[in-house]
Amino acid sequence: MSHFIVTFDYDLKNEVMRTLKSVPGVAINGIPMRDGTVKIKTVTRTLDDEANAVHAVEDIHGVIDVRLLDR
Numbered sequence: 001m002s003h004f005i006v007t008f009d010y011d012l013k014n015e016v017m018r019t020l021k022s023v024p025g026v027a028i029n030g031i032p033m034r035d036g037t038v039k040i041k042t043v044t045r046t047l048d049d050e051a052n053a054v055h056a057v058e059d060i061h062g063v064i065d066v067r068l069l070d071r
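According to my numbering, the sequence shown is numbered sequentially starting from 1.
Simulated from the structure, these hints should not be mistaken for laboratory data. All C-beta atoms, glycine included, are put in the ideal place defined by N, C-alpha and C. Some clues are possibly wrong.
[To be verified] The list that follows gives simulated cross-link-like pairs (lysine to aspartate or glutamate, EDC-like), each with its CA atoms no further than 20 angstroms apart:
1. 39 <-> 9
2. 41 <-> 65
3. 41 <-> 58
4. 13 <-> 35
5. 41 <-> 59
6. 13 <-> 59
7. 21 <-> 50
8. 13 <-> 65
9. 13 <-> 58
10. 41 <-> 15
11. 39 <-> 50
12. 21 <-> 11
13. 21 <-> 49
14. 39 <-> 65
15. 21 <-> 59
16. 39 <-> 49
17. 39 <-> 58
18. 39 <-> 59
[Stated by the list, open to error] What follows is a list of derived Cβ distance ranges for each label pair:
19. 29 <-> 51: 15 to 23 angstroms
20. 46 <-> 11: 12 to 20 angstroms
21. 58 <-> 35: 17 to 25 angstroms
22. 45 <-> 22: 14 to 22 angstroms
23. 14 <-> 48: 24 to 32 angstroms
The task is simple: from the sequences and hints, build the whole structure.
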């Protein structure tokens, strides 16, 4: 399980959040901030599944950046 911060276009917040909720292996780990960021975590069993989940998040329309959070 890894934690990420997703930066997105705030004008597309509702669409991005709805799509994030539907990505398998991804759980939203906070509320969307006014600066266009939200924390997520991966809940997958394998590293390949985690990579696929992160790539799916990167491909969402309105997502600008996905960064790994150090914990």
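So, going through the hints one by one against the coordinates:
For the proposed pair residue 39 and residue 9, the alpha carbon gap of about 15 angstroms is at most 20 angstroms, so the pair holds. Restraint check for residue 41 and residue 65: satisfied, since their Cα atoms lie roughly 15 angstroms apart, inside the 20 angstroms limit. Under the criterion of a C-alpha separation no larger than 20 angstroms, the hint pairing residue 41 with residue 58 is consistent with the structure, at around 14 angstroms. For a cut-off of 20 angstroms, the pair hint linking residue 13 to residue 35 stands: about 11 angstroms separates their Cα positions.
At roughly 16 angstroms between alpha-carbon atoms, residue 41 and residue 59 fall within 20 angstroms of each other, so this suggested pair holds. Straight-line distance between C-alpha atoms of residue 13 and residue 59 comes to about 15 angstroms, which keeps the hinted pair within the 20 angstroms bound. Restraint check for residue 21 and residue 50: satisfied, since their Cα atoms lie roughly 15 angstroms apart, inside the 20 angstroms limit. Using a Cα cut-off of 20 angstroms, the hinted pair residue 13 and residue 65 holds, with the two alpha carbons roughly 14 angstroms apart.
Taken as a hint, the residue 13 and residue 58 pair is honoured in the structure, with Cα atoms around 15 angstroms apart against an allowance of 20 angstroms. A distance of roughly 19 angstroms separates the Cα atoms of residue 41 and residue 15; the hinted pair therefore holds under the 20 angstroms criterion. Proximity of residue 39 to residue 50 is assessed by CA-CA distance (about 15 angstroms); at most 20 angstroms being required, the pair is judged to hold. A C-alpha spacing of about 18 angstroms is found between residue 21 and residue 11, which places the hinted pair at or below 20 angstroms, so the restraint holds.
Under the criterion of a C-alpha separation no larger than 20 angstroms, the hint pairing residue 21 with residue 49 is consistent with the structure, at around 16 angstroms. With a C-alpha separation of about 12 angstroms, the suggested pairing of residue 39 with residue 65 holds against the 20 angstroms cut-off. For the hint pairing residue 21 with residue 59, the CA-to-CA distance comes to about 14 angstroms; that is within 20 angstroms, so the pair holds. Restraint check for residue 39 and residue 49: the C-alpha separation of about 19 angstroms stays at or below 20 angstroms, so the hint holds.
Pair hint residue 39 plus residue 58 holds up; C-alpha atoms about 14 angstroms apart against a cutoff of 20 angstroms. Distance check on the hinted pair: residue 39 and residue 59 sit about 17 angstroms apart at the alpha-carbon level, within 20 angstroms; holds. Between residue 29 and residue 51 the beta carbon distance is about 18 angstroms. The supplied range of 15 to 23 angstroms therefore holds. A hinted range of 12 to 20 angstroms for the beta carbons of residue 46 and residue 11 is inconsistent with their spacing of about 35 angstroms.
For residue 58 paired with residue 35, a C-beta distance near 19 angstroms keeps the hint of 17 to 25 angstroms intact. For the hinted restraint 14 to 22 angstroms between residue 45 and residue 22, the CB-CB distance of approximately 19 angstroms keeps it satisfied. For residue 14 and residue 48, the hinted distance range of 24 to 32 angstroms is satisfied, since their beta carbons lie about 31 angstroms from each other.
Checked against the numbered hints above, the structure violates only hint 20.
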